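We have chain A already, so just place chain B on it with the hints.
Protein chains: 2
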Amino acid sequence: MASEKLEHLKARLAEVADIDNSASLLQWDMEVYMPPKGAEARGMQLATLSALKHRQFTSAEVGDLLSALDDAELSEDERCLVDVTRYDYERAAALPEEFVHEFSEAQTRAYHAWIKARAESSFPQFQPHLDKIVELNQRRAEYHGYEGSPYNALLEDYERGMTVERLTPLFDAVAPRQSELVRQIGESFAQPNAAWLKGEWDEQAQWDFSIQILNDIGYDFEAGRQDKSVHPFTTNFDMHDVRITTRFSTANPFSALMGSLHEGGHALYEQGIRPEDRRTPLASGTSLGIHESQSRLWENVIGRSLPFWKRYTPLFQQYFPDKLDGVGPEEVYAAVNRVTPSLIRVEADECTYNLHIVLRYRLECDLIEGRLAVEDVPEAWNTQMKELLGVDVPNDAEGCLQDIHWSHGAMGYFPTYALGNLYAAQLLRVIERDVPDLWEKVEQGAFNLLLKWLREHIHQHGRRYTPVELMERVCGEPPDAEPYLSYLSTKYGALYGL
Amino acid sequence: MASEKLEHLKARLAEVADIDNSASLLQWDMEVYMPPKGAEARGMQLATLSALKHRQFTSAEVGDLLSALDDAELSEDERCLVDVTRYDYERAAALPEEFVHEFSEAQTRAYHAWIKARAESSFPQFQPHLDKIVELNQRRAEYHGYEGSPYNALLEDYERGMTVERLTPLFDAVAPRQSELVRQIGESFAQPNAAWLKGEWDEQAQWDFSIQILNDIGYDFEAGRQDKSVHPFTTNFDMHDVRITTRFSTANPFSALMGSLHEGGHALYEQGIRPEDRRTPLASGTSLGIHESQSRLWENVIGRSLPFWKRYTPLFQQYFPDKLDGVGPEEVYAAVNRVTPSLIRVEADECTYNLHIVLRYRLECDLIEGRLAVEDVPEAWNTQMKELLGVDVPNDAEGCLQDIHWSHGAMGYFPTYALGNLYAAQLLRVIERDVPDLWEKVEQGAFNLLLKWLREHIHQHGRRYTPVELMERVCGEPPDAEPYLSYLSTKYGALYGL
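As they're listed, the protein sequences go chains A and B.
For the first sequence, the numbering used here begins at 1 and goes up steadily by one.
For the second sequence, the numbering used here begins at 1001 and goes up steadily by one.
Bear in mind the hints are in silico, worked out from the structure with no lab data behind them.
Keep in mind that this is a model prediction, so the values were computed, not measured.
A few of these clues could be false.
Stated by the list, open to error - Stretch-level coverage of chain B by chain A, calculated; a stretch enters the list once three of its residues show a Cβ under 8 Å from a Cβ in chain A: (1) 1035–1043; (2) 1231–1242; (3) 1432–1443.
What the hints assert, rightly or not - Below, in silico cross-link-like pairs of lysine to aspartate or glutamate (EDC-like), each with a Cα-Cα straight-line distance of 20 Å or less: (4) B:Lys1037 / A:Asp227; (5) A:Lys228 / B:Glu1222; (6) A:Lys53 / A:Asp20.
Glycine residues also receive a C-beta, built at the ideal position from the N, C-alpha and C atoms.
Isolated chain A, as found in the complex (with noise of 0.2 Å):
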């Protein structure tokens, strides 16, 4: 009888993840392949599977199995796919469709409205479209419900089970922390040579190198590839069909490098999830934080240590034969980890990455708490960057308005992006005592057991744990910003001799 429901529950599940991920695929082809005139009857397409998707999950039929299946007697996995479904069935329920609807419809507004606004770096064009935004996730934090802030509603959407209670209180440890590191290495007299770094990169070199890495640390290319696209993405729509794309500068070989890294050690974890959570809520990264770990971990944990440019070095030499002339692992090491305080987030280095979240962080959380009005963010943004960075912001287009997540109503996913360097460094600690080997392993450019482990811990388990719990499990801590701060202290101050 429950088994039936089960049965019943998964067939319909099912039908929901191959719309979710046909639609993936449409937004995929849209940033890689897609010509311009498409645009306009793609915009449908994902508008109707959105739809569609949205109304067959939140159905009455799924609604009555949830029900049925609450008190039968389930094996855990199956108890785990119950409870993860009837927790996103209720946050996709709570949403009347009108407001999804008036959301949807902000966004698109909004969006307009930044390109325009960017381009012209006039936030006064952009700020009512903000106001509204603003506005809505303070509504969509009420239709969730929420203990202690509505920020909290908001960051669920992102990183279930996190609150502002616990960030603070980690973001308010790192941001003093970083901010002081960083002032001493602007004032430290080891800056890096990177001399050698100036000219032309040929990008099919740049190309051909990211391939090798890509399959040394163990992305399968015949459940994913490697394209170009302007904003470099990892999508999938099936563990066997991971894909990951990469954007490419002449100026700078690490661009697309460490991009590669990074989205690879995305599609990892997407490639790891088990074969048999297939079309079900479980089969995805728990959480974008835990999902920010494995891409941190691979591209500045592994990619931006020595042991790695050990290994690599000699083949870079061989991709760019003119470029490298005397530069050893160390100089490369020392390129890769050159830290410079910048306006921009996207260009941000390891060292100064979180300053720039902190500060996003503050601003949504007086937003949407309604202690800072719209009107004031540039203000306020240009105070926490010359606090937290020693910057000044010349304008609002390299200042406020830079990012694109505001305009497309998103708030509360910045943290997601910080949380992954501390729990990626979290990781790393009990990783180094499971496997004594790893930086031999790295630098022989043998990663197996290194995935190997993150496999087991993390990849498989899918959505089954909620990022506290899997960081609980895994590291015997909650969330921590102790081992971040003491793995950048010494990578850095080595570094830059402080």
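Same frame as chain A, now just chain B:
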């Protein structure tokens, strides 16, 4: 009141079109970019979208709206939309869901059996599956109903209004005349010199040449793209996103080039659909035969003409500087029109192609009408090949197992290929009358007048007219074999000095 119902109907149809176009993108990706391990999930996604589309389209809601609009006062265009929709609705609703399911399962089994049977050149392995396919197609005909032959009900799916009563006389006129022409050509002493075609033809140069020609004929790369695939095809997700694929042979420069012109002809048709028909059942070519008339017109009538090669031989020489030494337009024209009776339909030249189709048509009619037993197919095939083309079939792989169509369950499809040739010749007569300097323009590489004519008389109408209606409207006569036979004997008579 009626206008409200019509808007309601259009909203439902738009949703159905979006699902259908999404499925087409999934299929395109599957042929072009999908990594191999993605196939399993992709099959499920396509099955879900197909079921969803069927469910939405054949819903009681759509049925009720159509009934309510039956006697409503509508504009000519609105009436057309409602009538075409009702036609599709009745075709779709005629097949019980269990039958569709049974058909689909039989297809999957037949397809896999065919792959193996062809590889081992063993018809007996495929025979039980073909038996089932024939039986299912006979039942399909009964569900749809028909007058005269049950084969008419199958033809209807690909060429609305076409019947055995119309088709048999056309093909009976074509077959002996084409067979005799091929026989005479085989005995001619004026065989073209094709020695210069030997050797390797650079793939990139072929690609670049094909892109230039596609641009020249008016294919809009802002509303489409060309990619590579194992089997060339055209697909579209909107009139502003119409994509083609091609494949390369380094042994033969005409394979990709003529393939691009062929698919380009299909694509120009779909790019010429009226934007206001977007997301309605009117927004596509009216039949496979009319579609094939467009591809054949560009590939054969234009692309294998002497004026075309007067224009393109100098460019051909530029793309392959070391290959065409001393080869002029006449030599290229002769080489691209070489006639060689062969075993394989997809490699057949213009002069022999229809004979391959007549053979398949006769066998399919006999199978569906019960005059031929499936076990006797190889013998019937081989006998007809000898009679029509004068060739001996050495094995089933190169004989009755060569095509994928039957394994897909498709019967009634093949005739549209030959109809396309016939239609193209009929259209050419009218075009030559309406555009008197057609061939001067082709010789200048100026195709805009031709494209304008096709847009006006064929493309923009979408599915407003059935193929027979369209031919009568444009040519003043129903489908006819005489223009094609006359075109062939004039062209090849001159080429082979008959």
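Comparing the hints with the structure gives:
no., hint, in the structure
1, 1035–1043, "holds (count 7)"
2, 1231–1242, "holds (count 4)"
3, 1432–1443, "violated (count 0)"
4, B:Lys1037 / A:Asp227, "17 Å, holds"
5, A:Lys228 / B:Glu1222, "18 Å, holds"
6, A:Lys53 / A:Asp20, "7 Å, holds"
Going through the hint list in order, the structure does not satisfy hint 3, though it satisfies all others.
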